[in-house]
Amino acid sequence: MSLRLAFCGILLLAIAAGAAGLAFGESGLEHPRWQGHGIAPPAKDFPLPEIVSGYWFRTKETQAIQDDDFNNPGFFAIEQGEELWSKPDGAAGKSCASCHQDAAATMKGVGAAMPKWSAKLEKPVNLEQQINICRGERMQAAPWEFGSAELTAMTTYVRFQSRGMPVNVRIDGPMAPWFDRGKELYHTRNGQLDLACANCHERNYGKYLRADFLSQGQSNGFPVYRLREQRLVPLHERMEGCIFDVRGIPYPPLSDEAVALELYLAWRGTGLPVETPAVRN
Amino acid sequence: MAEFKPRIRLDKKEVKKGETVDVKTLVSHIMETGFRHDPDGKLIPRMIINTFTSELNGKFVFGCDLESAVSANPYFEFKFKPEESGTLKFTWIDDEGVRIEATETITVT
Chain A
1 MSLRLAFCGI LLLAIAAGAA GLAFGESGLE HPRWQGHGIA PPAKDFPLPE IVSGYWFRTK
61 ETQAIQDDDF NNPGFFAIEQ GEELWSKPDG AAGKSCASCH QDAAATMKGV GAAMPKWSAK
121 LEKPVNLEQQ INICRGERMQ AAPWEFGSAE LTAMTTYVRF QSRGMPVNVR IDGPMAPWFD
181 RGKELYHTRN GQLDLACANC HERNYGKYLR ADFLSQGQSN GFPVYRLREQ RLVPLHERME
241 GCIFDVRGIP YPPLSDEAVA LELYLAWRGT GLPVETPAVR N
Chain B
1 MAEFKPRIRL DKKEVKKGET VDVKTLVSHI METGFRHDPD GKLIPRMIIN TFTSELNGKF
61 VFGCDLESAV SANPYFEFKF KPEESGTLKF TWIDDEGVRI EATETITVT
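First to last, the sequence lines map onto chains A and B.
All residue numbers in the first sequence are consecutive under this note's numbering, ending with 281.
All residue numbers in the second sequence are consecutive under this note's numbering, ending with 109.
Hints may be right or wrong, so weigh each one.
Said to hold, decoys possible - Below, in silico cross-link-like pairs of lysine-lysine (BS3-like), each with a Cα-Cα straight-line distance of 30 Å or less: (1) Lys-79(B) / Lys-60(A); (2) Lys-87(A) / Lys-60(A); (3) Lys-59(B) / Lys-60(A); (4) Lys-79(B) / Lys-59(B); (5) Lys-12(B) / Lys-24(B); (6) Lys-123(A) / Lys-60(A); (7) Lys-12(B) / Lys-60(A); (8) Lys-12(B) / Lys-81(B); (9) Lys-13(B) / Lys-60(A); (10) Lys-5(B) / Lys-94(A); (11) Lys-60(A) / Lys-24(B); (12) Lys-42(B) / Lys-89(B); (13) Lys-87(A) / Lys-5(B); (14) Lys-81(B) / Lys-108(A); (15) Lys-207(A) / Lys-60(A).
I should point out that these hints are in silico values taken from the structure, not numbers from a laboratory.
Quick caveat, the model's predicted, so the values are computed rather than measured.
One chain only, chain B, in its complex shape (with noise of 0.2 Å):
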């Protein structure tokens, strides 16, 4: 399903210790609910992303798992305190166990 690109910003790319990052980000996926019929009824069955994590050199940043409720194109925004220069990673999981991968790099001064 990783038809585009996701979409990552960081408010800030260079960050002072103690500093907080504000990080935003969008992903293309349809995120059908599994409770909706097609025009022969039926059911069309449950395509979501199920769990979000954000990783800092490999170190959990900030992560949910995700429901049917959710709509399409899910947008998180999360803010944290980077401890040390490196990637920050993002990982997408759905229920075919396609994983959508971005990176970003952050600086910290």
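For reference, chain A alone in the conformation it holds in the complex (with noise of 0.2 Å):
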């Protein structure tokens, strides 16, 4: 009887230590979930078996500032390129809105287009560069510096019109070059840490760099609200980041390569819907 008991007694305390054990599991930090959130590559030969925006790469935490807007603080860049869109500037006496009137109608889709090609400067063009073309050519203004609160804020104002619509870019004709260019310097090991971009964001996307957790790098949510720098980062900055810290030497902003891997990185991203202004860490 007495061993019946101890027996039992035994019992309960390896139900209670299970118990707790579960319990101590469930307090640790949630580890993000990307799978099953991914789209279907368009073709068989796609780098990727699924593309995957970085939005699920993050906590659900940074998620929820993202899916409310009042708390995404990058709407204040919206508000601020809003205002800009319609503020007359230069020798022209015009604003973006002389030409393009209402941005909701018609700036629509152009984000999730670009880098698109110049047949005037026979070259691609991402929407930094097209605005500063703009305002040099029609505004007779001095172009944004790249990195400035306008430019910035104007690039995520734009982009935001096509919010939701499916990443596409054009790689044919003339874009085929460039398309190459940026699959190259995507595929390329860079500095000193001898890391190409593919190293991390094909090969071991889903796993912990130090306490950062890979995504696949894309840039439908660009420019993003980065809570790092606690403002809007564009993407060419954000490239910059990435190639600092494998100590190599950033492509200068705006530089051919940099418009190269963007237009690169834009076709990894194809279909995924354009998040600006997304939250990232």
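Two independent chains are provided; combine them into the complex using the hints.
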């Protein structure tokens, strides 16, 4: 009888310990769950088995900030962009709105298809460059410096008009050599750490790099509000950051290399919805 | 620094007495910590919002002191039970003494 009681006691203890262990496990930090949130790649020989937005590689707390436009501090830049849109600048006395009227109608889908071929310049231009081309040619205003609050706000505002629309860039015709160049840069090892973009974002996404959770390095949310910088960060600045981190010499923003890489990155995210202004860590 | 209008959102603007209202606020501010250096090695002076208060008809509802560790564009969310209808006034004060203000009306039935 007493033996039986003792046995029951041990059993109870074991159950209690098991329950405690379970509770301890649950109290740990939650691991981001990106699996099952991807979209199918457009072709069979696509470099990724599924295309997943950086959103799904972030914690649920970071996702929550992006989910609610009220909480998303990136919307301060949208407000600024909206203000600048109809504010005349330069010798021609024109604003963006003088030619393009209502951004919500005229800019819809524009951001999702950049970088785009410019027949005049005979090279692809991205959104930042196009904004400055407009400022120079039509408004006769000084170009905004890369990284300035104005240029980033306008880029964000224009790209925001395409929010939810699938990323779709043209890589055929004259764009083909630029695409190949971007692909080459993406797979070229760089810096003292001797790492290519692909080493992290193609072969090891979904794993930890120190405390950071590696995403596929998709560009669909740019410019993004980074919690680290506490401001909107344009894509070329983010690429500089990555290359700096592998102790390489970054491509200057808006350089041919940076635009080629932007084109290739956009293609890698073909079909992903534009999330600008996304929130990332 | 008040470049942008602060954002205020109440989950409901008309409440029955005793009901809880959920208030969310977001204000744009650089919140320079005072610990960073510029490229020449000089200390960038501290420039943060140091006080946040909200009052209903002049009566204190919620407030706090902020320190250097608070990130840019501070976000606050709080709940309270309004006793009377009136104007909810929010004030943010930064190190230069600039006051950022916003108001929201609330009806208690």
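* Hint numbers not upheld by this structure, sorted from lowest to highest -> 2, 3, 6, 12, 14
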